[in-house]
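Undergrad: Residue-level listing of the chains:
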Amino acid sequence: MGLKDFFKNRQLKKAAKQQIEMPSIELKSIPSDETLCTLWTKCQSCNQLLYTSELKKELSVCKHCDHHSRLTAMERIEQLVDYGTFIEIDYDVLPTDPLTFSDLKPYKDRLQHAEKSSSAKEAIVTGIGSIDNQPVAIGSMEFQYIGGSMGSVVGEKITRLIEKAIKKRLPLILISSSGGARMHEGILSLMQMAKTSSALKELHDAGLLYISLLTEPTFGGVTASFAMLGDILVAEPKARIGFAGRRVIEETIRQKLPKDFQTAEYLLLNGQIDMVVHRKELKKVFSDLVRLHTQNDKKFFFNDELVLNVKDTPLLAKV
Amino acid sequence: MGLKDFFKNRQLKKAAKQQIEMPSIELKSIPSDETLCTLWTKCQSCNQLLYTSELKKELSVCKHCDHHSRLTAMERIEQLVDYGTFIEIDYDVLPTDPLTFSDLKPYKDRLQHAEKSSSAKEAIVTGIGSIDNQPVAIGSMEFQYIGGSMGSVVGEKITRLIEKAIKKRLPLILISSSGGARMHEGILSLMQMAKTSSALKELHDAGLLYISLLTEPTFGGVTASFAMLGDILVAEPKARIGFAGRRVIEETIRQKLPKDFQTAEYLLLNGQIDMVVHRKELKKVFSDLVRLHTQNDKKFFFNDELVLNVKDTPLLAKV
Amino acid sequence: MKANIVPLDFEKPLNTLSKQINELEQKSSLVNGNKKLLIDLKTEYEKAKADIYKNLSPFDRVKIARHPQRPYAVDYINHISPSFYELHGDRTGKDDNAIIGGLIEIDGQTIMVVATQKGRNIKENQKRNFGMPSPEGYRKALRLFQHAEKFNMPIITLIDTPGAYPGLEAEAHNQSQAIALNLRELAGLTVPVISIVYGEGGSGGALAIGVANRILMLENSVYSVISPEGCAAILWRTREKASEAAKALKITAKDLYELGIADEVIPEPVGGAHYNIEETCKNVLSSIKKHLDVLNKLNGEELRKDRQEKFRKIGEYIQG
Amino acid sequence: MKANIVPLDFEKPLNTLSKQINELEQKSSLVNGNKKLLIDLKTEYEKAKADIYKNLSPFDRVKIARHPQRPYAVDYINHISPSFYELHGDRTGKDDNAIIGGLIEIDGQTIMVVATQKGRNIKENQKRNFGMPSPEGYRKALRLFQHAEKFNMPIITLIDTPGAYPGLEAEAHNQSQAIALNLRELAGLTVPVISIVYGEGGSGGALAIGVANRILMLENSVYSVISPEGCAAILWRTREKASEAAKALKITAKDLYELGIADEVIPEPVGGAHYNIEETCKNVLSSIKKHLDVLNKLNGEELRKDRQEKFRKIGEYIQG
Ligand SMILES: [Zn+2]
Ligand SMILES: [Zn+2]
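Protein chains in written order, with my numbering: chain A, 1 to 319; chain B, 1001 to 1319; chain C, 2001 to 2320; chain D, 3001 to 3320.
Among the hints, erroneous ones may be present.
[Said to hold, decoys possible] With a cut-off of at most 20 Å between alpha-carbon atoms, the simulated SDA-like pairs for lysine to any residue come out as follows:
1. B/K1168 <-> D/K3247
2. C/K2247 <-> B/A1206
3. D/K3247 <-> A/F261
4. C/K2247 <-> B/T1100
5. B/K1164 <-> B/A1206
6. C/K2241 <-> B/S1102
Think of the hints as simulated: they come from the structure by calculation, not from any bench.
A quick note: this is a predicted structure, and the numbers were derived from the prediction, not measured.
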């Protein structure tokens, strides 16, 4: 057994402790070599060294300073949905280069590089899963992939997820982490704001719940479209959320901004979000919110066919 | 011919010049003796002496300083609706004393005194008329009657007017001038805010136009209910409009308020009203607004039976 | 007299008697005369108590309604629901803490609660602005009403406010419109709305979250078009006549019940809700359940009509 | 070259020629050589003109789109409608002058116009904030959209903005939410919506009033996810590369038409709209009428669906 396998096993065991009745099958998102070989992680906030495995167990929250470090799209989903219930959809919707865009580097190359460095195929993962046995449609953004920027693929996958939620009458959860619209697809990226918001109009009129989770960082065209349209808006502590970036604003108004400007706490104080929730409370809060928003609806029923109807199952999941 | 008759005639002639094809019948609101005997009126704003008759011709706007002086409820209506088309409704809904209220003076006595001093039977006149041949439901408040305060009668008459507007599919115009809810009817007065607003919900959902004209002064429970619920909010120049009175606010916040605070112009600047309109432009503006809001509606048609259907015709009007 | 309850002026006689009784009881042995005195004092106490609480003037009720130890919205919320997810903000720049709102549960049904909230001390009252909402507070309330409508949740509003805040910014941000819009939109909802006045029902500022299918009032709460002091200042030309104004205005729960505005008077423990918060909350909860049971049987259109008709009927006038 | 039109840098050659021609023409009598020169100059001028305007780079178009004498919303409004009743305010505290809106008439049909509006001088631009709306401006727009929906009025939006204002107060008042909500609510309207980009279509700030059944663009207008300068600063690490960014971003009317975003390119007079405002407005009006005629024939549900489908289709990706 090599070092890699050792860590894989170790992580599995740790995970097993967290998850009740977690069957001993392989973790769906296999940690990269780099991750596995890194025994220690330095906290980005307080610089303390932390056991990587322990940090993961703590949902990547620093035990010294409570810093919520960045998660991959899949880690987010794993932390929120019941183990083994997530079924990714539209994993095969992939980016292209509609404008043959090139700056200092061709967009095509950037896409390739992004895929390599993030181990993700685009800046969002979408699918169906359950939270405490309540099925939800869930999308999670991948900041490592070109800053979680929204181009055609992100817009398309979110729109399809919303359409699926409407069709299956499922609550929707979107987890944002993004610098905004993706410049390299020009106007097509901008229009994804309208596309996703238009789909959300249908979801809204269908009376379905949409919880939007805003995580560090969420900006620009993502904030100014689907991320701010949740029935309930939840943010992680200290996440920075806004429309324009801090530097742009400072250049425009030529004054220093308050230190807490655009933090989750600032947004709460300014009436923009419903709650700031610690990562360790997130699953319970989401579970409660889904229950509270569905139990009154006599028309609501658990759709047993739900999982079976999902055509596109990319991973071997416990169904 | 006595002095009184002389003036009556004179006024009629003046009025005749203003109104095209005005038939030589008696003016509907007969000026009181006092008015008739007052050749001159002193402008409340610039103190200039003005011919009363000339002032009336100028719609009671001072030619020196443009001060819009207070009008009676009927004068308002006469200035806005086509001559001879106004038919008052619910003129026989009269105040009572539900709480047997008495402060330094019994409410009953106040009511009697109010009727005498204002020549009005309550703080509002409601009815149907037309503006440039477009039928409208119109209500006009009488500030001289206990400060235009809203008690049961004002609430009831407005509610019935709204109900009539819904039934006949007529645009609604309400002209406010009020110190707020009438204390002497206690909680019943307060509840008129809910009653009128509830009726306006039905009007709103019926897709009908409601223009609210705010005149000097409009405060308290009137502003905080029907007066602020217009699709279009129009105010006369310099009219003071607000929720709390200036003195109450100054006592609460312990600082001086800006001079233009709560004026029509201040409200416009603060995004609270659509327009400030000079009294001389009001009829044209209202006429245009009614036309602009009804011409697209294919379901809209001029209801010929409209006037005939109104059961309660208090005055001999040109029908 | 319960210890650590701040006595009101009309309770002073009780307080004196209670002290005397306590002193006598402290003594280890009593001579016969003292035993007799103790019994007399206790009788006198009970008689005084009965006299006082049965003959409370309207203004006495105002004082109880404003008692600094009276239970507030959060107390009721914590007692009647196993959980409370507070929802914040108007989404456009402010989270007004004079109005709170969020999700509670009663018998497995999710309910949106919206309430005015006072503070118990200076610091809290700075945050809560003495329970006087700003326009943004009413807009937060409206957002939550619409949320409830979307998700088919009954609405319970808990009311205790001196009134909407009369401030410069409140006027600049259109306090009138915020209140007016709530009146109109509440009238149109298709979910059950129950309002409970648990302290001061301060005029338009209270009504803005009070256009309900059922208006319930705690026994010692008041609801008025204007504060007794404000009314006295205008009509009697002195705030000193507040007691007279309170009487003339007919503002007690009993008055409103008789006028057909309040649908039920929820009993309070002797002396007022602050003498027994648990009991008060129990009474409130059972009253909520009773009315909710009835309203839950109506469909959306019936609920809207029921609410609109309630207010349509209010007002007294003569015709002819 | 028209007098009193501020020439753009790429127009400088024309300006020089035009001056020379004028000078020659001023002379009362011309020697033969001069006559020849005049004819040559005029030929050269026409050739240069054709060259310049036929080979405008995307960034040249940006310059025309931002020309200080380019017609603005009020100019179009005054030319296409006999009257304009401007409606003001968001009802909650502000009337943002970077966005104007109100009622106009075209062929006896009442239309709600909503537009961004720049100023022509420093004072005007203070008032109009250089055409950069605040959240309150977008909320005013939303109010007017809902007004139009209620009264069955088609909506025309006129767009020319560098973008939504990036300021402290704008963030505090939730610029993001204001834009997002407009995107969602515009998508749901059941009246015709036509958007005309007449200058700069500045990202989300433009889109917030641009979710339309038809997007029309003036020939020299641009519409982009980010300003060329902003894009260059990030991707090329210098604002100097704005011209390259403008090209790469595909932001001209022609680009957007080819990408299937713009439904029509409205022609401008040679040199740009500011060379002949009447003609431009005439082109705009006839284009509006053409599209309105088609949309007026659809019912509410069809209009909503038509609009949603337009945006549903946008985006390029591969699947498999
Ligand atoms: Zn740390
Ligand atoms: Zn004057």
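Undergrad: For each hint, tell me whether it holds in the structure or not.
TA: Going down the list of hints, with the structure as the test:
1. A C-alpha spacing of about 59 Å is found between B/K1168 and D/K3247, which places the hinted pair above 20 Å, so the restraint is violated.
2. Our distance criterion of 20 Å between C-alpha atoms is broken by C/K2247 and B/A1206, whose separation comes to about 42 Å.
3. At roughly 35 Å between alpha-carbon atoms, D/K3247 and A/F261 are farther apart than 20 Å, so this suggested pair is violated.
4. For the proposed pair C/K2247 and B/T1100, the alpha carbon gap of about 11 Å is at most 20 Å, so the pair holds.
5. Between the alpha carbons of B/K1164 and B/A1206 the distance comes to roughly 12 Å, so the proposed pair stays at or under 20 Å and holds.
6. Note on C/K2241 and B/S1102: the hinted pairing holds, with a Cα-Cα distance of about 13 Å set against a maximum of 20 Å.
When held up to the earlier numbered hints, the structure conflicts with 1, 2, 3 and fits the remainder.
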